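Participant: Residues per chain, in single letters:
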Amino acid sequence: MIDRAQVLHVAKLARLALSDEEVERMSRELSAVLGHIEKISELDLDGVSPTSHVVDVVNALRADEPGPSLPREVALAAAPERIDDGFGVPSPGAA
Amino acid sequence: MSEPIELTAAQAIERLRDGDLSAAELFGAYRARAAADELNAFTWVADAAPAQDGAPQGPLAGVPLAVKDLFCTEGVPSQSGSKILAGYRPPYTATAVARLADAGAALLGKTNQDEFAMGSSNENSAFGPVRNPWDRERVPGGSSGGSAAAVAAGLAPWALGTDTGGSIRQPAALCGIVGLKPTYGAVSRYGMIAFASSLDQAGPFTRDVTDAALLLRHMVGRDARDSTSLAFPEQIALPRGVDLRGLTLGVPEELTGEGIESGVREAFNATLALAEQLGASIETCNLPNAPHALSAYYLIAPAEASANLARFDGVRYGLRVDADDLSSMYTRTREQGFGPEVKRRIMLGTYALSSGYYDAYYGRAQQVRTKVAEDFRAAFERFDLLVTPTAPSVAFRLGEKVDDPLAMYLNDVCTVPMSLAGIPAISIPNGLSDGLPTGFQLCGPAFSENRLLNAAYVLEQALGFDGSAART
Amino acid sequence: MSYEPVIGLEIHVQLKTRTKMFCGCELSFGDPPNTHTCPVCLGLPGALPVANARAIHYALLIGLALGCELAPRSIFHRKNYFYPDLPKGYQISQYDIPICSGGRLGDVRIHRAHLEEDAAKLVHVGASGRIHGADESVVDFNRGGTPLVEIVTEPDVRSAAQAREWLTLLRETLRQLGVSDVNMEEGSLRCDANVSIRPAGSEQLGTKTELKNMNSFRYLERGVEAEIARQTALVEAGGQVEQETLHYDPVTGSLTPLRSKEEAHDYRYFPEPDLVPIVVDEAMVAAARAELPELPAQRAARYERDLGLSADSARQLAFRADLAAYFERALATDGEHPQTLANWVTGELVARVGDGDPAESKVTPAALARLVALLRERAVTPGAAKQVLDTLVAQGGDPQAIVAAEGLGALGGGDELAGVVERALAADPDAVAKLKAGNMKAIGPIVGFVMRETKGRADGGEVTRLVRQQLGLA
Numbered sequence: 328m329i330d331r332a333q334v335l336h337v338a339k340l341a342r343l344a345l346s347d348e349e350v351e352r353m354s355r356e357l358s359a360v361l362g363h364i365e366k367i368s369e370l371d372l373d374g375v376s377p378t379s380h381v382v383d384v385v386n387a388l389r390a391d392e393p394g395p396s397l398p399r400e401v402a403l404a405a406a407p408e409r410i411d412d413g414f415g416v417p418s419p420g421a422a
Numbered sequence: 320m321s322e323p324i325e326l327t328a329a330q331a332i333e334r335l336r337d338g339d340l341s342a343a344e345l346f347g348a349y350r351a352r353a354a355a356d357e358l359n360a361f362t363w364v365a366d367a368a369p370a371q372d373g374a375p376q377g378p379l380a381g382v383p384l385a386v387k388d389l390f391c392t393e394g395v396p397s398q399s400g401s402k403i404l405a406g407y408r409p410p411y412t413a414t415a416v417a418r419l420a421d422a423g424a425a426l427l428g429k430t431n432q433d434e435f436a437m438g439s440s441n442e443n444s445a446f447g448p449v450r451n452p453w454d455r456e457r458v459p460g461g462s463s464g465g466s467a468a469a470v471a472a473g474l475a476p477w478a479l480g481t482d483t484g485g486s487i488r489q490p491a492a493l494c495g496i497v498g499l500k501p502t503y504g505a506v507s508r509y510g511m512i513a514f515a516s517s518l519d520q521a522g523p524f525t526r527d528v529t530d531a532a533l534l535l536r537h538m539v540g541r542d543a544r545d546s547t548s549l550a551f552p553e554q555i556a557l558p559r560g561v562d563l564r565g566l567t568l569g570v571p572e573e574l575t576g577e578g579i580e581s582g583v584r585e586a587f588n589a590t591l592a593l594a595e596q597l598g599a600s601i602e603t604c605n606l607p608n609a610p611h612a613l614s615a616y617y618l619i620a621p622a623e624a625s626a627n628l629a630r631f632d633g634v635r636y637g638l639r640v641d642a643d644d645l646s647s648m649y650t651r652t653r654e655q656g657f658g659p660e661v662k663r664r665i666m667l668g669t670y671a672l673s674s675g676y677y678d679a680y681y682g683r684a685q686q687v688r689t690k691v692a693e694d695f696r697a698a699f700e701r702f703d704l705l706v707t708p709t710a711p712s713v714a715f716r717l718g719e720k721v722d723d724p725l726a727m728y729l730n731d732v733c734t735v736p737m738s739l740a741g742i743p744a745i746s747i748p749n750g751l752s753d754g755l756p757t758g759f760q761l762c763g764p765a766f767s768e769n770r771l772l773n774a775a776y777v778l779e780q781a782l783g784f785d786g787s788a789a790r791t
Numbered sequence: 010m011s012y013e014p015v016i017g018l019e020i021h022v023q024l025k026t027r028t029k030m031f032c033g034c035e036l037s038f039g040d041p042p043n044t045h046t047c048p049v050c051l052g053l054p055g056a057l058p059v060a061n062a063r064a065i066h067y068a069l070l071i072g073l074a075l076g077c078e079l080a081p082r083s084i085f086h087r088k089n090y091f092y093p094d095l096p097k098g099y100q101i102s103q104y105d106i107p108i109c110s111g112g113r114l115g116d117v118r119i120h121r122a123h124l125e126e127d128a129a130k131l132v133h134v135g136a137s138g139r140i141h142g143a144d145e146s147v148v149d150f151n152r153g154g155t156p157l158v159e160i161v162t163e164p165d166v167r168s169a170a171q172a173r174e175w176l177t178l179l180r181e182t183l184r185q186l187g188v189s190d191v192n193m194e195e196g197s198l199r200c201d202a203n204v205s206i207r208p209a210g211s212e213q214l215g216t217k218t219e220l221k222n223m224n225s226f227r228y229l230e231r232g233v234e235a236e237i238a239r240q241t242a243l244v245e246a247g248g249q250v251e252q253e254t255l256h257y258d259p260v261t262g263s264l265t266p267l268r269s270k271e272e273a274h275d276y277r278y279f280p281e282p283d284l285v286p287i288v289v290d291e292a293m294v295a296a297a298r299a300e301l302p303e304l305p306a307q308r309a310a311r312y313e314r315d316l317g318l319s320a321d322s323a324r325q326l327a328f329r330a331d332l333a334a335y336f337e338r339a340l341a342t343d344g345e346h347p348q349t350l351a352n353w354v355t356g357e358l359v360a361r362v363g364d365g366d367p368a369e370s371k372v373t374p375a376a377l378a379r380l381v382a383l384l385r386e387r388a389v390t391p392g393a394a395k396q397v398l399d400t401l402v403a404q405g406g407d408p409q410a411i412v413a414a415e416g417l418g419a420l421g422g423g424d425e426l427a428g429v430v431e432r433a434l435a436a437d438p439d440a441v442a443k444l445k446a447g448n449m450k451a452i453g454p455i456v457g458f459v460m461r462e463t464k465g466r467a468d469g470g471e472v473t474r475l476v477r478q479q480l481g482l483a
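Chains as they are written, first to last, in this note's numbering: chain D, 328 to 422; chain E, 320 to 791; chain B, 10 to 483.
Think of the hints as simulated: they come from the structure by calculation, not from any bench. Please note that the accuracy of each hint is not assured.
[Claimed, not checked] Simulated restraints on C-beta separations: (1) B:Glu13 / D:Ala390: 44 to 50 Å; (2) E:Glu577 / D:Leu370: 17 to 23 Å; (3) B:Ala403 / D:Asp411: 49 to 55 Å; (4) E:Pro369 / B:Arg27: 32 to 38 Å; (5) B:Arg27 / E:Arg564: 57 to 63 Å; (6) E:Pro369 / D:Asp411: 45 to 51 Å; (7) B:Gly248 / E:Gln655: 44 to 50 Å; (8) B:Pro208 / E:Gln655: 37 to 43 Å; (9) D:Arg409 / B:Gln249: 44 to 50 Å; (10) D:Leu370 / E:Leu725: 17 to 23 Å; (11) E:Ala592 / B:His274: 56 to 62 Å; (12) D:Leu335 / E:Pro607: 36 to 42 Å; (13) D:Val384 / B:Gln348: 52 to 58 Å.
[Said to hold, decoys possible] No farther apart than 27 Å at their CA atoms in a straight line, the calculated lysine-lysine pairs in the BS3-like style are these: (14) B:Lys464 / D:Lys339; (15) B:Lys450 / B:Lys464; (16) D:Lys339 / B:Lys88.
[As the list claims (entries may be wrong)] Short, incomplete list of chain B residues facing chain E, as computed with Cβ under 8 Å: (17) Pro48; (18) Leu51; (19) Gly52; (20) Pro286; (21) Val288.
Values in this document were obtained by computation on a predicted structure and should not be read as measured data. Ideal Cβ placement from N, Cα and C applies to all residues, glycine included.
Please model the entire structure based on the sequences and the hints provided.
Facilitator: This is the structure:
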């Protein structure tokens with residue numbers, strides 16, 4: 328019930344490059360899982376509010392006071408590509 | 320004196336305080352075993368003990384602690400079992416780990432896990448599967464398989480894991496040790512590489528319930544860096560109960576019916592009988608929406624995960640696969656960096672949130688979640704605690720379920736409902752079936768950890784389960 | 010067929026808090042790249058957001074200033090998409106339960122206002138050599154995580170000029186609230202426009218396009234104008250407006266579709282599980298109300314209503330808090346001539362003190378009020394009054410004394426003026442002849458002569474009266 332076109336669309340949203348074989352397998356596996364999950368569509372859930380927060384906490388705020396920032400060398404330490412003082416990436420919109 | 324590694328953590332602390340044992344000696348003994356690990360339980364082992372001269376430091380007195388790979392530990396690989404973070408060393412330490420370190424715990428090593436905590440067998444790790452010390456051809460459970468195997472095999476006295484849908488409790492059951500998932504919000508998630516934000520909770524793996532209480536005591540508490548964390552309303556006590564008189568236990572029909580292996584069921588029923596002898600009153604009860612909990616979980620968790628894993632894009636850290644254009648860099652990095660189960664769940668989660676499908680999938684799943692939580696609240700008006708088998712089966716063979724995601728997901732059927740409701744639950748070993756451990760799960764209302772630990776302790780004493788066979 | 014434009018505005022306001030929306034990194038402008046980051050705003054694995062209390066407070070201030078309803082309970086949502094300036098791969102924003110909704114400012118209704126975090130800065134650097142032939146960009150995360158309030162209006166704007174005018178009112182309101190620097194050139198105020206057209210008189214909405222990246226008021230106005238013209242021409246030629254996002258180039262005046270939006274985004278909004286709801290209680294609202302100054306729209310309305318000022322004067326004063334304060338202090342010393350006083354504050358005084366606060370000049374409010382009174386009493390001519398003001402600006406003092414010292418008193422009635430008028434008429438028989446013939450325009454040179462002789466102290470009206478009298482005209 329989730330066909331190849333849908334798999335490709337979702338893969339694009341999730342930025343995953345799937346091989347043809349993976350697309351086919353994904354379609355099968357996801358369809359099986361969804362087939363099981365679909366049972367919840369039969370439930371009567373009228374008037375039931377969806378859980379959006381699990382803990383009974385509100386207004387967990389912090390004061391507008393500065394905390395320590397990472398030294399730049401630490402922030403950039405794991406950068407796959409460093410250009411000058413920043414993180415290098417291929418330009419968006421390029422080719 | 321017995322071998323240091325035969326001591327529980329609490330016993331070791333006594334010895335350390337008495338001066339019969341030095342922290343360096345204890346650490347050295349465990350370190351040697353961890354370094355010689357054949358179960359693939361560890362992804363990193365400390366070179367040496369932290370400097371530990373003089374008196375034992377803090378309530379945890381320098382006892383070594385193994386920590387699941389997904390906890391950020393500054394300067395030490397924290398990879399969440401994934402190739403996309405292979406070798407990543409974070410610039411900060413998770414609050415839960417830092418608090419335990421402040422209490423005196425010494426970092427022994429990082430343990431293997433299913434990639435991004437997604438799995439029930441630890442076969443989804445980029446660093447290879449973990450083997451069950453009871454039978455090396457079998458899985459230890461997951462996702463915290465490394466932590467469970469390490470404690471069961473005596474490679475660490477205790478370990479940290481995380482539980483999202485059962486990832487502490489189920490491996491604890493399959494490895495014959497104690498595993499506890501606290502009330503959601505009781506332990507800070509800051510520094511835990513996220514899987515599903517509204518479900519993830521850190522918790523202890525230990526050899527006995529007393530150790531679990533001890534470790535938990537030093538983990539709980541509000542953290543200003545985690546908006547969803549709460550103050551624990553009382554101190555976690557070391558359990559002292561002698562019987563279960565006055566305790567009412569409910570047995571949910573929906574979680575103790577078909578689908579449970581016969582050996583597991585027998586052990587479960589035997590434990591119920593024992594509980595009755597100890598003075599508990601036991602009745603069946605209903606959690607009418609529990610049969611749908613797994614479906615709700617397999618929509619909510621992947622949906623949150625699909626967003627939590629979007630930061631792994633090759634820009635700031637981790638794996639990057641070079642490409643001429645940005646789009647290819649993203650897709651190739653993620654294609655090569657994530658394993659098949661992670662990709663599956665990202666796809667499932669993205670789909671469940673996508674335009675046109677949100678209401679039917681994610682939206683409904685959150686409604687089911689509300690109902691599951693209501694079911695528990697209603698049950699707890701009649702019963703102090705609810706009990707179930709922890710997992711539907713004993714440890715299965717490596718490779719047995721990898722090709723059937725649905726079969727794999729069914730491992731979580733008894734543990735997922737508690738996760739959805741955010742309530743605490745503990746698994747204790749309650750016997751062997753064909754030589755493999757079975758687990759008994761107790762759960763209670765939010766913040767009932769003390770009562771839970773106490774009941775588990777009383778049962779544990781009466782059961783007298785001996786896990787030493789796995790500690791060869 | 011004539012078409013009317015229908016315009017809605019989407020404004021992003023950077024808040025002037027000390028720290029970012031969800032972490033304690035300091036806000037900075039122009040600091041070296043990547044020197045204000047932490048695990049949270051870098052999107053490191055395991056990091057979690059914690060909301061800034063002052064940002065919430067500023068959002069409430071904005072809501073109150075715009076007459077919005079404040080949601081008693083609002084939540085954050087994740088807005089999911091991939092871009093290098095978005096470290097988590099999602100932006101924490103608000104979706105269907107924003108902190109503020111409804112409201113109005115001037116003649117434009119507000120749809121909603123909500124809190125969110127800003128993206129980082131992406132700078133194109135060209136070919137860097139790492140990948141042969143490929144262009145590269147660099148990301149600086151200093152800005153990432155800055156608190157933003159996004160304000161969305163209803164499509165009530167009907168022209169580019171009105172868009173500019175209204176945005177000016179919004180900017181001044183926000184500036185006087187103290188919640189933002191609202192500087193378009195620096196990026197603390199950003200405005201996109203949704204533009205459509207429809208046949209005049211129709212109630213239906215046409216297809217709208219989105220105009221982005223206009224970073225000054227002038228470009229905004231021109232961009233909107235250009236888009237209205239483009240859509241009108243298109244529709245008149247039988248074409249259809251397509252929904253797209255456009256970039257306006259102020260240099261060429263052209264509108265180009267933005268390449269990167271190759272398809273509509275599916276943002277997959279869902280409630281942010283790492284944050285808890287914001288519950289706005291009485292104390293929080295009271296704290297915000299207590300900090301609300303009188304804002305431009307209200308002040309302008311009050312000036313018109315209570316003082317009878319013209320709409321234009323009221324607006325000019327209301328738009329500069331320092332002018333309004335000065336005006337009111339002057340009015341307090343002498344409230345007889347509010348409109349004239351307003352004219353002098355916004356006209357002659359501003360011409361001399363520019364953007365500076367007039368309260369810091371040497372002209373005291375009382376002195377200006379006195380000068381205006383002298384003018385209205387005709388004790389000085391307008392020309393002379395300007396000279397007095399020059400002196401006041403240069404050295405302060407009392408206008409009455411300056412008039413006496415510099416001999417600038419108006420020549421009203423009396424022999425002195427009559428005598429000058431006599432001499433003026435005697436010196437210009439030509440003009441006299443024309444005047445007698447009924448051509449009043451010929452009075453010009455006579456008045457000129459008198460003004461020169463009296464160094465501008467003569468009252469023009471009085472001169473005319475004397476001329477008529479002396480020539481025996483009606």
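Participant: Hint by hint, where does the structure go against what was stated? Just the numbers, ascending.
Facilitator: 6, 8, 14, 20, 21
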